[in-house]
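2 protein chains.
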Amino acid sequence: MLHVAYDGTKYHGYQIQDGPDTIEGELLKALTSLTSESGIELIGGSRTDAGVHALDNVCVFDTEASIPPEKYIFALNQRLPEDIRITESCEVDPAFHPRHCDSVKTYEYHIHTGKVPNPLKSRYSYYTYYSTNIQAMRDAAAYIVGEHDFSAFCAAGAQVDSKIRTIYSCDIIINPTSDDIPKANSESSSDDITGTDSRPETDIIIRISGNGFLYNMVRIIAGTLLEVGRGHIASEDVKDIIASMDRTKAGPTAPALGLVLKKYDFV
Amino acid sequence: MLHVAYDGTKYHGYQIQDGPDTIEGELLKALTSLTSESGIELIGGSRTDAGVHALDNVCVFDTEASIPPEKYIFALNQRLPEDIRITESCEVDPAFHPRHCDSVKTYEYHIHTGKVPNPLKSRYSYYTYYSTNIQAMRDAAAYIVGEHDFSAFCAAGAQVDSKIRTIYSCDIIINPTSDDIPKANSESSSDDITGTDSRPETDIIIRISGNGFLYNMVRIIAGTLLEVGRGHIASEDVKDIIASMDRTKAGPTAPALGLVLKKYDFV
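The listed protein sequences derive, respectively, from chains A and B.
The first sequence begins at 1110 in the working numbering and counts up by one.
The second sequence begins at 1110 in the working numbering and counts up by one.
Simulated from the structure, these hints should not be mistaken for laboratory data.
Be aware that a few hints might be false.
As the list makes no split between identical chains, a pair holds if one copy fits it or if it spans any two.
To be verified - Taking lysine to aspartate or glutamate and the DMTMM-like style, the derived pairs with C-alpha atoms no more than 20 Å apart in a straight line are:
1. K1272 <-> D1202
2. K1348 <-> E1173
3. K1224 <-> D1258
4. K1348 <-> D1312
5. K1180 <-> E1191
6. K1224 <-> E1191
7. K1371 <-> D1312
8. K1119 <-> D1192
9. K1224 <-> E1179
10. K1348 <-> E1200
11. K1119 <-> E1191
12. K1138 <-> E1150
13. K1119 <-> D1165
14. K1272 <-> D1349
15. K1224 <-> D1192
16. K1180 <-> D1202
17. K1119 <-> E1133
18. K1358 <-> E1200
19. K1371 <-> E1310
20. K1224 <-> E1200
21. K1348 <-> D1374
All chains should be built: construct the whole structure from the sequences, respecting the hints.
Here it is, written out as structure tokens:
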């Protein structure tokens, strides 16, 4: 089993496709080059969407190669683009299938707010101009936790038998940007007439752990919690939105770039 | 005066050149489009190198345009690439020259260590495999603070009258990556035989404030402090390296991508 981290910006998602670059495609090229075996089949953990990042996705494959399991990390990293890194490798039972095992997946959705988007964050964090009521988001997030039918938070057209999933936690974490550099007497005290918006830049992370997630589920939860934070949806309405099982009642799907698969644990 | 933030990855530095994209070149294009004035001359604060980032660089220009000063933020951001953002704009005295004023510049050099580079950090943080003695780096940094001739920390060929600068602070800040997600009983307890390197990923920031910096000075200081952290240079030798005024005694120039101009304050 390989644990894989990647910057998803340039890729058309995890799953291999004819044509565009994918994470699975790059992993297969590197594995084929390393083992000289053709027809390797990868079984992935999470088939992340285009533009979504991961710090800990997983995949397994069968091989006849006599390479010690722990050697795959450096051998594959030499053959992979720099925005994809193997972080761990180990041998697992040949019957092991990551999607047929009980697992806990933890995703984070990153947001930053402020007067202007921060160009050093814009690749990994969704920018919104609007200030956000964090307590309202936390109140709403509490309704998400538990075992529910998440049909209201699943993109249309997803083909799965059951839309019941268990969410173990959904936390809203704030990191006000540490700007502990004392500001000298700058010109702004006398000349600055831009001071209509002096809100500090704020980083908001929605961290959510569960036994499984439907198609676009985390991004729809993030989009809904952002609507709650802006006051467009009341916190307590999230309970009714879940009960409605109606996608149109939930908020919009938040953009892919803010999403990262943080941890993929087997239990 | 404009305050400018940018991701320097794609740019050949701040200063305009014939051919390659530069920050100054993009600013001039946007200003020319906005004001319809030709021949605008920009006077920049810090002429950052290729690949160096900024959260707060500054520049000034003269204009006859009747645009209210605070309107430049949004009007220019509409015309600039997304990796360059105006964060503040204000009117200043026509005689104001950012490089002829007393100022305090604060740079940060970002480093991350661990078994494998983190692809979500590699754009803004220099990766080193080696573990680093933070106390030794802090002891060495203390010698940097104060008024010194920094010839030993200046790239060869720099043409300046005096290489004396005053450093107000040089701090080593550690942010162990917050990984407070409880790890479930993963396969690693039984199968993982990669456990030869279980060091946690660590973020290290060298934050340095001064009244001015020579060419490549922060990157040479960062490269030297990293050599101290690895034990290749003794902390107390940094005092002698400064006194030597000899560039060859200091460490290598650390890569541009880890450097960000964090604050540009006028005093």
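Hints versus structure:
1. K1272 <-> D1202: neither (29 Å within a copy, 63 Å between copies)
2. K1348 <-> E1173: neither (51 Å within a copy, 57 Å between copies)
3. K1224 <-> D1258: The answer is neither: 38 Å in one copy and 40 Å across copies each exceed 20 Å.
4. K1348 <-> D1312: neither (26 Å within a copy, 39 Å between copies)
5. K1180 <-> E1191: Within one copy, since 18 Å is at most 20 Å while 40 Å is not.
6. K1224 <-> E1191: between (33 Å within a copy, 15 Å between copies)
7. K1371 <-> D1312: both (17 Å within a copy, 17 Å between copies)
8. K1119 <-> D1192: both (9 Å within a copy, 16 Å between copies)
9. K1224 <-> E1179: between (47 Å within a copy, 12 Å between copies)
10. K1348 <-> E1200: neither (43 Å within a copy, 50 Å between copies)
11. K1119 <-> E1191: both (12 Å within a copy, 16 Å between copies)
12. K1138 <-> E1150: For K1138 and E1150, the Cα distance is within 20 Å only inside one copy (11 Å; across copies 50 Å).
13. K1119 <-> D1165: Close inside one copy (18 Å), not across copies (28 Å); limit 20 Å.
14. K1272 <-> D1349: This pair counts as within: shortest intra-copy Cα distance 16 Å, inter-copy 67 Å.
15. K1224 <-> D1192: Result: close only across copies, 16 Å inter versus 30 Å intra.
16. K1180 <-> D1202: within (18 Å within a copy, 63 Å between copies)
17. K1119 <-> E1133: within (13 Å within a copy, 27 Å between copies)
18. K1358 <-> E1200: neither (45 Å within a copy, 47 Å between copies)
19. K1371 <-> E1310: Only across copies: K1371 and E1310 sit 14 Å apart there, 23 Å inside one copy, limit 20 Å.
20. K1224 <-> E1200: between (49 Å within a copy, 19 Å between copies)
21. K1348 <-> D1374: Answer is neither: 28 Å inside a copy and 49 Å across each miss the 20 Å cutoff.
Hint violations for this structure: numbers 1, 2, 3, 4, 10, 18 and 21, all remaining hints satisfied.
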